[in-house]
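Residue numbers (this note's numbering), protein chains in the order written: chain F, 1 to 184; chain L, 185 to 422; chain C, 423 to 1019.
I should point out that these hints are in silico values taken from the structure, not numbers from a laboratory. Keep in mind the model is a prediction, meaning the values are calculated, not measured. Certain hints may be false.
What the hints assert, rightly or not - Straight-line distance between alpha carbons at most 27 Å, and here's what the computed DSSO-like set of lysine-lysine pairs gives:
#1 F:8 with F:146
#2 C:633 with L:222
#3 C:633 with C:954
#4 C:578 with F:107
#5 F:83 with F:146
#6 L:378 with L:342
#7 F:146 with C:985
#8 L:342 with L:222
#9 F:107 with F:51
#10 C:954 with C:766
#11 L:342 with C:870
#12 L:388 with L:342
#13 L:222 with L:233
#14 F:8 with F:107
#15 C:766 with C:870
#16 L:222 with C:954
#17 C:954 with L:233
#18 F:83 with F:51
#19 F:8 with F:51
#20 L:378 with L:394
#21 C:985 with F:83
Stated by the list, open to error - Some chain C residues close to chain L (C-beta under 8 Å, calculated; not the full set):
#22 910
#23 913
#24 915
#25 920
Said to hold, decoys possible - Beta-carbon label-pair distances, calculated as ranges:
#26 L:248 with C:986: 46 to 56 Å
#27 F:171 with L:373: 54 to 64 Å
#28 C:1019 with F:24: 29 to 39 Å
#29 L:373 with F:127: 31 to 41 Å
Beta carbons are placed, not taken as given, at the ideal position from N, Cα and C, and that holds for glycine.
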Amino acid sequence: MADLVTNKILIATTSLAGCFGCHMSFLDIDERFFTLCEHVVFDRSPFTDIKHCGEHVDVGLIEGGLCNAENVATLREFRRHVKILVAVGACAINGGIPAMRNHIPLKECLEESYLQAIGIDSPQIPNDPELPLLLDRVRPIHEVVKVDYFLPGCPPSAEVFWTFLMDLLAARQPQLPEAQIHYD
Amino acid sequence: MLTIDGVALSFEAGQTLMEAATAAGVYLPHLCHHPEFKPHGSCKLCTVKVNGRFASACTLPAAEGQEVLSETLELRQLRVRITQMLFVEGNHFCPSCEQSGDCKLQATAYALGMLDSHFPHFFPARRVDASHPDILLDLDRCILCELCVRASRDMDGKSVFGIAGRGMESHLVVDAESGALVDTVIEVSDRAVKICPVGAILIKRTAYEKPIGQRLYDHHPIQAVLLQADQGGGSCDQ
Amino acid sequence: MLCEIVDHHGGEATSLLQVLIDVQMRFRCVPAGVMTFLAEILHLPRTQIQAVVEFYSFLSVTSTGRFDVRFSDSVTDQLLGSRDLATRLCQRLGVKLGETRADDAVSVHLTSCTGLSDQGPAALVNGQVLTRLDGDRIVQMADFIDQEIDLDAWPKAWFRVEDQVQLEGLLLAEELPLGACLERAGTLDAVGIISEIDRSGLRGRGGAGFKTAVKWRFCYEGAEGTLPGDPSITRYVVCNADEGEPGTFKDRVLLSRNAHDVFEGMTVCARAIGALRGFLYLRGEYRYLLDTLLKVLEARRSRGLLGRNILGVEGFDFNIEIHLGAGAYICGEESALIESLEGKPGHPRNRPPYPVTHGYLGQPTVVNNVETFVAAARIMAFGADWFLSEGTAQSTGTKMLSVSGDCERPGIYEVPFGTPVSVVMHRCGADDPMGVQVGGPSGTFIGKAEFERILGFEDLSTGGSMMVFSQARDVVAIARGFTHFFAHESCGFCTPCRVGTSLLRQLIDKIAEGHGTPHDLVEMTQLAAIVKNASHCGLGQTAANPLMQTLERFPERYQERLKTTLFEPGFDLDGALEVSRQMTGRADANAHLTQVG
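Please take these sequences and the hints and turn them into a complete structure.
Following this line, the structure appears as structure tokens:
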């Protein structure tokens, strides 16, 4: 469902348990961003500071995996509102660096961080209801919602974003050339 | 003569299908196979269809009249899934791995066009052994190809490595009561240290001699690298 | 003491598994120091010893209890309430399933089918067999264990194993006079014996149905470039008594009541192929038969039926040793069995070459099933025509069936090949069953519409396991149990089986627990094809059979469990927050997640 006024494609983006590196890489398409904006409008995204998805969004780009309850809620909001959901980058695809905590029990992680680490003067596990609760393991997003496309890389290069979006805009089946497939 | 995807190629008596294909310049994906070792047949990436039946090219003797299929949609899909299995059963976080760019698992996945892990990740608890002054063992990345096991036994004459356990519990073990690599007779010059196709066995203090982005498979597809190496053009091990 | 054990088994590297089994009995584990010591005196890499210890279910690095109880976890045991009994025993004893109690008094485990499906629920305690367990026995057992009462003082009835032969056919009805077949074999040469076996049409009784005479002939002829029957080439006869296919137990019965026939068949084979040495590979679960079998071997030696110049025939020399397994289904696969005989983990070998030319220690080796040897012995004694009097053209003779599950008369049924399943169902008192698992989990699940299908290599090929399931049974739960079995028994050698069977287990768990979506069924079907097509050996190639065959025959049983949603996570999302909730004491709305949203 393209934007009714401008007939442009609506794109939403977010970063879950990620580092925003994928977003930075997206911006590395540089001046091509202007070309892109002739065809797309950004909905919910750190680029626009829009906080929630509009009712019908065409493409959702998700950076980062799921490390807490809020990530799950955000991911679900995207899945509800976007037509094409894209896992962007290593963390969204396999949990990435945050998932390296997975072999340490969450209890130990929290105790080490908030109770036992050197330099802590009032040891307590943060429990403010505003804070999202951590999942016991960091998960890739395809384990919680159906994902339509994957753009690997840490981050995916600007070329990957460009290839993918140009394919989509041209109504081609997105296809990354082998040279653009990287996991690091 | 036999054919692979309709292209005829000749072979010598005693050659496996993998050897015949390599000699003819046809790349069949593989991880546990290495031309200097007896065929192993465990990774199953070289699965092909021979006269309608599935077989591992690395262990199957080449034979007259074989009609081999390799680059079919079905077999490509099967190989992608097997590669994804290897990724999800271990902890393969390429961005944090010293071997990224020189890793055959990663490069094979690139060649297969693998974009995601498809399956749920197991995230197993695996051991990291940093006890040895020169060699690091990170079992998170071990794909159980047994190349180090074979190299240590058959080339170094040491049997430093072995595979213990069963099924998903299978894991690499070292020849020491303590279980620590430092208590084995391994040396940094051993073939076993250099043969690991992934980043499970690493030589310390060499990790970033070559920056990420300038490594072997960053610029050369594994098809070309392995064909050249396996045809005798020099080793592509670490 | 270790040296004694090593010496007792001959001190060869190939005896490693036998040594380790004794060490486990003695120490209730294989301590790290013992592994190092054995590596030195057996001249083996320590890694191989650790590999063996960690491969077999009955060996362990950590200590088991002074009473080590292992409940048979076959689906048929489960139907009889075994899981509940195991849980109750654990509760009474204050021990967690799969663990050893802090005082080392007891450990309780589940184990793959122990071959007593017709008299379950069954269990092993320190290697001894317990049958027909029930709630009362569990209560008493717990008391005995807590009071550390020796097994000798437990009621004898608990250990009683019955043959339960319900129907005798060619093999079982007729008594084979001791030595009768060897007398005839002694007068024949290799060609004569093999041609008689060939004429009988005998095919392997393990399920695969390879022609026995062809196997023997290939072994006799040896590897390419050697002369047929060349006496300078060492050949071996191996009897596969690793009866691990869930639901089968006919080899146990044959070993109990027809042990002489088994050994006689092996000896005939040895005469044919020119072997001097044979092995009976006895699964660890049947260890309780070991002493009796050793006595039978001793008796045969003293009667001149084994040893040098058998029955006075010059140069007819043959001896048989018994090797124990230690809990690994894969060792029923002939090349894995050979690896195990050599003292290694049971990883199936690459083929070619085949065991008939490159088997035990790389030498020509015949591996046949227990029942095959029994049949061969009788064919030799009574002639091929006797055998040909029953069965079909492609499947001659009879087949011993192990019938268990929902029927009035479980036990052994020997029927001519060609018998329809319906006849067996009628015989065993299975009233209108939902389906039968023919040939165990790796075989074929048939629904009642297929009961006129016949048992035989031309239709339902089977090693003999027949598990009957009544209409009240949940077919998805049955397939799930079998899928767990394969994931547990996968040897781990090849990727598609090692990882694929565990992925299949996850998927069927998700579906069976009501969290599956139509997408998961598609996923399961695609994954099943990959595991089947790419796996190294028969285990992986058949591991998805139970899922695919029941899905094909009972799609509605799967459909009715599926959610209509597009997607659901394969793990408990809200459960994934539990640790966080506990540590923060939070219970607000944001401290929970719905499974689908």
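How the hints compare with the structure:
1. This hinted pair checks out: residue 8 of chain F and residue 146 of chain F have alpha carbons roughly 25 Å apart, not beyond 27 Å.
2. This hinted pair does not check out: residue 633 of chain C and residue 222 of chain L have alpha carbons roughly 31 Å apart, beyond 27 Å.
3. Proximity of residue 633 of chain C to residue 954 of chain C is assessed by CA-CA distance (about 25 Å); at most 27 Å being required, the pair is judged to hold.
4. Between the alpha carbons of residue 578 of chain C and residue 107 of chain F the distance comes to roughly 50 Å, so the proposed pair goes past 27 Å and is violated.
5. With a C-alpha separation of about 11 Å, the suggested pair residue 83 of chain F and residue 146 of chain F falls inside the 27 Å cut-off, and the hint holds.
6. Restraint check for residue 378 of chain L and residue 342 of chain L: the C-alpha separation of about 15 Å stays at or below 27 Å, so the hint holds.
7. Restraint check for residue 146 of chain F and residue 985 of chain C: satisfied, since their Cα atoms lie roughly 15 Å apart, inside the 27 Å limit.
8. About 17 Å separates the Cα atoms of residue 342 of chain L and residue 222 of chain L, which keeps this hinted pair within 27 Å; it holds.
9. Distance check on the hinted pair: residue 107 of chain F and residue 51 of chain F sit about 32 Å apart at the alpha-carbon level, beyond 27 Å; violated.
10. For a cut-off of 27 Å, the pair hint linking residue 954 of chain C to residue 766 of chain C stands: about 26 Å separates their Cα positions.
11. For a cut-off of 27 Å, the pair hint linking residue 342 of chain L to residue 870 of chain C is broken: about 58 Å separates their Cα positions.
12. Using a Cα cut-off of 27 Å, the hinted pair residue 388 of chain L and residue 342 of chain L holds, with the two alpha carbons roughly 21 Å apart.
13. Among the hinted pairs, residue 222 of chain L with residue 233 of chain L is consistent with the structure: their alpha-carbon atoms are about 22 Å apart, no more than 27 Å.
14. Restraint check for residue 8 of chain F and residue 107 of chain F: the C-alpha separation of about 47 Å exceeds 27 Å, so the hint is violated.
15. At most 27 Å may separate the alpha-carbon atoms for a hinted pair to count; residue 766 of chain C and residue 870 of chain C exceed this at roughly 43 Å.
16. Restraint check: the Cα-Cα separation between residue 222 of chain L and residue 954 of chain C comes to about 25 Å, which is no more than 27 Å; the hinted pair holds.
17. Of the pairs offered as hints, the one joining residue 954 of chain C and residue 233 of chain L holds, with about 13 Å between alpha carbons and a cut-off of 27 Å not exceeded.
18. For the given pair, residue 83 of chain F sits about 18 Å from residue 51 of chain F by alpha-carbon distance, which is consistent with the 27 Å threshold.
19. Proposed proximity of residue 8 of chain F and residue 51 of chain F is supported: the alpha carbons are some 20 Å apart, at most 27 Å.
20. In summary, the hint linking residue 378 of chain L to residue 394 of chain L is supported, as the alpha carbons are separated by about 16 Å, within the 27 Å threshold.
21. A distance of roughly 21 Å separates the Cα atoms of residue 985 of chain C and residue 83 of chain F; the hinted pair therefore holds under the 27 Å criterion.
22. Here the hint on residue 910 of chain C is kept, as its CB sits about 7 Å from the closest CB of chain L, short of 8 Å.
23. A hinted interface residue such as residue 913 of chain C counts as satisfied when its beta carbon comes closer than 8 Å to some beta carbon of chain L; here the least separation is about 6 Å, so the hint holds.
24. The closest approach between the C-beta of residue 915 of chain C and any C-beta of chain L is roughly 5 Å, which is under the 8 Å cut-off, so the hint is satisfied.
25. The beta carbon of residue 920 of chain C is positioned within 8 Å of a beta carbon in chain L (closest approach about 6 Å), and the interface hint is therefore held.
26. One distance hint, 46 to 56 Å for the beta-carbon pair residue 248 of chain L and residue 986 of chain C, holds here, with the actual separation near 55 Å.
27. For residue 171 of chain F and residue 373 of chain L, the hinted distance range of 54 to 64 Å is satisfied, since their beta carbons lie about 57 Å from each other.
28. Taking the beta carbon of each, residue 1019 of chain C and residue 24 of chain F are about 30 Å apart, inside 29 to 39 Å as hinted.
29. Between residue 373 of chain L and residue 127 of chain F the beta carbons are some 55 Å apart, a value that contradicts the proposed interval 31 to 41 Å.
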